[in-house]
Amino acid sequence: MGVNVVVCLKQVVDPELPAQEFAVDPHSRRQVRTGKALVISTYDENALEVALQLKDKGAASGVTVLTVAPAAEAKDAVRLALAMGADRAVVVDDPRAPALLGVEKAALLGAALRRMGGADLVLTGCESADWVERVVAPLLAEAIRASCVTFVSRVEAGGGFVTVKRLADDGVHTVEARLPAVISITSDESNRPRLPKIRDIMQAGKKPVETVPAPALGDVPGAMADGVEVREVAIPARTTTCEVLEGEPAEQADALIQRLRALKVV
Amino acid sequence: MTETVEFQLSEEHRLIQGTVREFASREILPRAAALDRSSEFPAEIIRSAAALGLMGMMVPEEYGGAGQDSMAYVIAQEELARASAGVQAIITVNNSLTCEPILRWGSDDLKRRYLPALADGRSLGCYCLTEPGAGSDAMSLAATAHLDGDVWILNGTKIFVTSGVEADVCIVYARTGPEPGARGISAFVVEKAFPGIRVGKVEHKLGILCSSTAEIVLEDCRVPRGNLLGEPGQGGRIALATLDGGRLGIAAQAAGIARAALEDALAYAKGRRQFGRAIAEFEAVQWYLADMATRLEASRLLIYRAAYLRDQGRPYTKEVAMAKLFASETAMWAAHKAVQIHGGYGYVKEYNVERYFRDAKITEIYEGTSEIQRLVIARHTVRP
Amino acid sequence: MPRILVIANALDGTLARSALELLGGATALAGAGGEGVDALLLAPRPLEDAAAALGRHGAKRVFHAAHPALSTGQTDAALVAAAAAAARAEPEVIVAAADTVGRELAPRLAFRLRAALVTEAMELRMDGGALIARRQVYGGRAMATLAVTKRPAVISVKPRSFDVPEPSAASGTVERLAVEIDAQALGAVVRDVAAETAEVGLEEAQVVVGGGRGIGGADGFTLLQALAEALGGAVGSSRPPADEGWVPISWQIGQTGKTIRPNLYIAVGISGAAQHVAGVSGARTIVAINRDNQAPIFSLAHFGLVGDYRHIVPALTAKIKELKGT
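Protein chains in written order, with our numbering: chain A, -16 to 249; chain B, 14 to 397; chain C, 18 to 343.
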């Protein structure tokens, strides 16, 4: 038996890109994407790993990856997810996707999930590596009437509910959530994303990928973030100039302590 | 990744490159220096590499391999060698010098018996060709094999065998016929478990220290008749064809070392400040880095072309000799410059560049010295 | 000027500092001569002192929800109370802290109220009829300015974004808010809370030494601990060391709400490329120690020491101990 798991993935411009390559398009008010390497959003990979571990243990009957993205862009991420072990993929082809806010994304994901017949367990990353809004999981839970726990590091499934470890401000909470559940995943030693086997990279090409044009989802309520306008996205002007302290370590240490004492920080 | 007019890495190749790079940086890089200091065989890393499918990359899936082409292979080897040339040496010998000859010249029975274990890490392979009196002049080897009923009896001493200590499956070349040179030689699959084979002297080397290099001694070693590769007298052909494939792996190893040298030198030059600025701002240093980068790209293109030809089923002996020659000389030169850029810090073990310097040297020697590579290229270029 | 409801978290039995911070921010937002700011106090039992504190710090009306189900981490229960308070107070803007519960509560409440939603805001102000919120995006590399014209609007605020206002003698009215919570019907229930203990909490420390991927392993952190100890501070890390298991996950800065605002932050072996920056940019003085002089962290730091931390950090520790005569 086992739960039917859907993992929501998103692709972002590699957050490890050097600072010089980070640029914002003043018209779209989003990061410049053309020509930049795209990767699966950091914590989405951890979410996929958690799903695959549930499958390995026999607790999940299948793992589907779901993404809302321009179809051509999504190919690499989907291929990698299938190579890691997901069984199938659903791509909601939407050219607007990179610019959509979390509210809009969640609405589309909810509509896609309904079209797929729902899921027992939906896993997402706890936050996206670009806008870091942290809203998709809670909003998605509301949209599909599921329970919700965020910032989870570990998931155990069984008996109609999941038992999870939520990393909270004050420590670790053990939470029981009834199915269907939407759980957002944060990184942990236990959920380091696995590397695909070379063989599976080739096999991945044979797994089913369904592409659904966004308009086919019909009128999606909430797909427009009405009443919230992004006025500006700007790189803050550097207000600090960094004083580089030269010399051998002992000299550097001396110089730093002098400065810190002058500032009364030490 | 560089994309040229002729070569565009496919989606699969890119994914494989990314995966192996990630594997190397997670599993190999953090341990590379320690492995070099201890000369310890990296058993856990080899196990993980096998689990990913890296030990039998070009072995067909029906025998448990990853069924990859040469292009995927060289891409993966470069990524592995960038992290540790020693680890990669173990892996490339298993792939190119053990799996490949069994795949090409082994009977169905031999393939079924040995390839799955070599591919999934249960077995480790090694290559026994060189002898004290037969190095560059490999075809003058003196080890003998004669048939006694259903068993071949092998006698001889092989030296400089990579993974000689840990391997359990050995490709061994011995003289079976009266003809001098290549035509009298045959190739065999010999298990360490067979009676009459033992590990002799273990070498202490300059570099690739976590890869063992040993003497293999055959004293009336009994090898089942069916363990002959191909036909008697085909050993010379098998050796040369196998070495061609092996040179792809070594060329990629050299490219990996050159890349390591370049990346480390770049990082160091950007951080090291003298005379009030980063040394990366001085033209002399910039020119070294520019040359390292250029030669690395050139090495890669030669490697890719050789791999491409091999995948097309076309002759590639000249091209792989060029790739191995150029890439190995580049690795040695780049490692040397990397040490120089590091100054005093390049000479101490706290930094990795001295290891690259020591590791690079072997690429100019094994699987055919640079002199032999030049001979091969000349033979194809200066044909009467 | 908008009618604002602040959600004050006392789910663990004590009033969170963030509640007072929110009152400070909300009061500034509401402006003078407005309807004032209301507060919803969520607690497992009646907390008169907390309610009074809210009044002293600017809440005109305090709606006190006290129910055993309103305990640590119980978002589903808090949602019920929040919806009841929204119906009672009819706020135009609801403000919650982006803490463990708030991060789940704000979006879900916005959905149920069909409200506009902005999360992790760091600045709030009015511009005509529009509520302007500013938040970090792209891992802290840029700031987004959002204008919210729809009402109601639910905003979650990053902890430490506002200052706790000066208390006055004023007191607000306190009204018990009746809430019907069926503990059996809650979607997610907290079964256990394992509190983390740290000698010097990361969030309270005046000095923090943070280590990143450049530390190279668990061993390197002992050098950082020595430095932190000498300075009387705490040790933290960026994400990679926690993911690798070199340090416990509770040391991670820039994640799970661990935003720090120390006087001094020393970033060791941290590139500063992404999320981490968002968690530390509030530090008064930032020192970066890194081998790569191109590392993005240097554009954030006040002082940069380029070199090997294994040499620099012990040199610093030694000098500080010398100074302090220890």
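Heads up, a few of these hints could be off.
What the hints assert, rightly or not - 25 Å max Cα-Cα, derived SDA-like pairs, lysine to any residue: (1) A:Lys247 - C:Gln223; (2) A:Lys19 - A:Ala6; (3) A:Lys180 - B:Glu296; (4) A:Lys19 - B:Glu24; (5) B:Lys283 - B:Thr307; (6) A:Lys19 - B:Glu25.
Hints are computed from structural coordinates only; laboratory data are not their basis.
These numbers come from a predicted model, not from an experiment.
Against the structure, test the hints numbered earlier, and report the numbers of the ones violated in rising order.
3
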